[in-house]
Amino acid sequence: MKMEFINKHKNIILLSLVLYSSLLGLSIAVNNLILIGVTLLPIILILSLQINYKYILSLYVISLPLDFILLLPGIGSISKIFSIFCILSLLSHGLLKKKLTLPRLQIIPVVMLVIIAIFSIVWSVDEQETNTRLITLVPLLLFYIVTSIFKFNIKDLKVINNSMIFSLTWVVFLSLVQFLFGIGFMDTGRLTITLFSEQADPNHLLVSLILPFSILWTSINRSQNYKFLNTKIILIILFFLILLLSGSRGALLAVICSLTYWFLKDGLNFKKFITIIISLGTLLTLFFIIPSFLIERYNIQLILEQGGTGRVDIWRVGLNAFKDSIYNGYGFGTFPQVYDLFVNKTRIDAFWGYSKAAHNTYLRMAVELGLVGISLLIFSMLISLAFIKKKKKKLNSMVLNSGYALNMSLIGIMIGGLSLDIFLFKYFWVVLQYGVIYKGVLAESRKEING
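Residues 0 to 450 in numbering that gives the first Met the number 0 are what the sequence shown spells out, letter by letter.
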């Protein structure tokens with residue numbers, strides 16, 4: 000039937016393709032991003048309907064570590080483009096297959112936080128900067144809301160988990176190969192990923208891998224399925240290696256706290272005790288094979304002397320600014336500008352320049368959106384935690400593992416936020432999205448069990 004239609008109207012179809020290609024070429028030639036977007040919209044909609052949503056989500060997850068590469072100026076990274084595909088795919092499949100539902104209550108504090116960020120433009124010390132940051136923030140919220148109203152199932156969760164592990168795998172191997180060839184972060188020699196003359200920040204790169212690592216870790220330690228067990232163990236050891244080679248102290252602390260949660264939940268037992276010994280032994284062994292200049296980064300005395308590479312002085316300035324506007328802050332996205340206003344009014348050990356980033360998600364929120372902003376941020380993460388009862392034998396083991404992985408990653412992200420500004424990074428929002436997906440799948444699983 001389709002071939003008959005094509006043969007009957009082939010001249011019209013050919014003419015349409017020529018005109019469409021010409022319009023697209025003209026849009027690119029004049030560098031009009033709006034015209035390009037409008038022209039590509041039909042193709043995006045067709046692909047969103049033709050390709051299963053779970054595979055588009057997989058591509059998004061796999062591409063997240065490449066978020067530092069701008070695919071097209073003004074459009075963004077490849078992961079941003081995949082996120083647009085994801086939104087359209089989830090909405091189109093949800094409407095056609097009746098897979099949309101009411102949003103989960105856990106999104107309320109996140110939505111409130113973004114609403115306050117939008118209204119903060121009224122009192123912002125730099126309206127232009129607030130506008131710029133909101134352009135990044137609003138699409139992240141939209142993707143989060145769409146994820147929360149879509150009915151995911153266990154198969155979807157399994158595909159997402161496998162995609163996370165694959166994402167971790169390619170980052171581990173690519174970063175190690177580049178490190179062995181002497182490709183490091185700037186002139187520091189720290190492990191990173193370098194592509195198209197762009198480099199990923201090692202701190203953000205490793206913190207972004209906490210969720211994939213948590214999924215991999217729980218898939219080994221909770222499941223009775225020992226398929227690919229040796230491969231998974233090797234991958235975990237290699238992850239520990241790139242963690243140390245990255246020189247990211249914040250990421251190391253985040254991973255340690257995540258693992259501490261896993262060891263303490265449900266109480267200790269012999270299996271966990273052996274796992275602790277092996278994990279500590281692995282980390283200590285790896286310390287002896289990494290370069291000495293990287294070992295120095297983990298020297299506690301050196302960290303205290305340097306004040307976390309200037310972070311302590313930056314935090315002093317931020318706290319001083321916060322005390323001057325406790326309740327509503329200075330406007331979303333304005334920490335660098337506020338820093339410039341208060342750096343000369345604050346007693347610091349050394350001057351690190353102007354327009355500094357907060358290097359602390361909580362301090363940034365406190366300075367930009369006041370007590371309300373930081374309270375909503377913390378509550379947003381706490382409400383995403385999975386409260387897992389000890390006896391849930393009837394539930395699918397992968398669903399249970401995903402709950403533990405969610406908690407590990409949330410704890411890791413909370414700790415990572417102490418030394419990094421992660422709020423506008425996609426990997427932070429992916430953890431929140433994973434939380435709504437998990438809780439949706441958990442609710443559906445309970446309904447099936449209860450009949």
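Everything labelled a hint here was simulated from the structure, so no lab data went into it. Be careful, since some hints might not be right.
Pair ranges (Cβ atoms, derived) [to be verified]:
no., residue 1, residue 2, range
1, 110, 384, 12 to 20 Å
2, 276, 396, 21 to 29 Å
3, 384, 154, 23 to 31 Å
4, 345, 267, 39 to 47 Å
5, 291, 446, 24 to 32 Å
6, 110, 230, 19 to 27 Å
7, 370, 248, 27 to 35 Å
8, 370, 230, 46 to 54 Å
Even for Gly, the Cβ is constructed at its ideal location relative to N, Cα and C.
Against the structure, the hints come out as follows:
For the pair residue 110 and residue 384, the beta carbons lie near 18 Å from each other, so the given range of 12 to 20 Å is met. A C-beta distance of roughly 25 Å is found between residue 276 and residue 396, which places it inside the suggested range of 21 to 29 Å. The hint said 23 to 31 Å for the Cβ distance between residue 384 and residue 154, and at roughly 24 Å that hint holds. Between residue 345 and residue 267 the beta carbon distance is about 45 Å. The supplied range of 39 to 47 Å therefore holds.
At about 57 Å, the beta-carbon gap between residue 291 and residue 446 misses the expected band of 24 to 32 Å. For residue 110 and residue 230, the Cβ-Cβ distance of about 41 Å falls outside the hinted range of 19 to 27 Å, so the restraint is violated. For residue 370 and residue 248, the Cβ-Cβ distance of about 29 Å falls inside the hinted range of 27 to 35 Å, so the restraint holds. Distance hint for residue 370 and residue 230: a CB-CB separation of about 48 Å, consistent with the stated range 46 to 54 Å.
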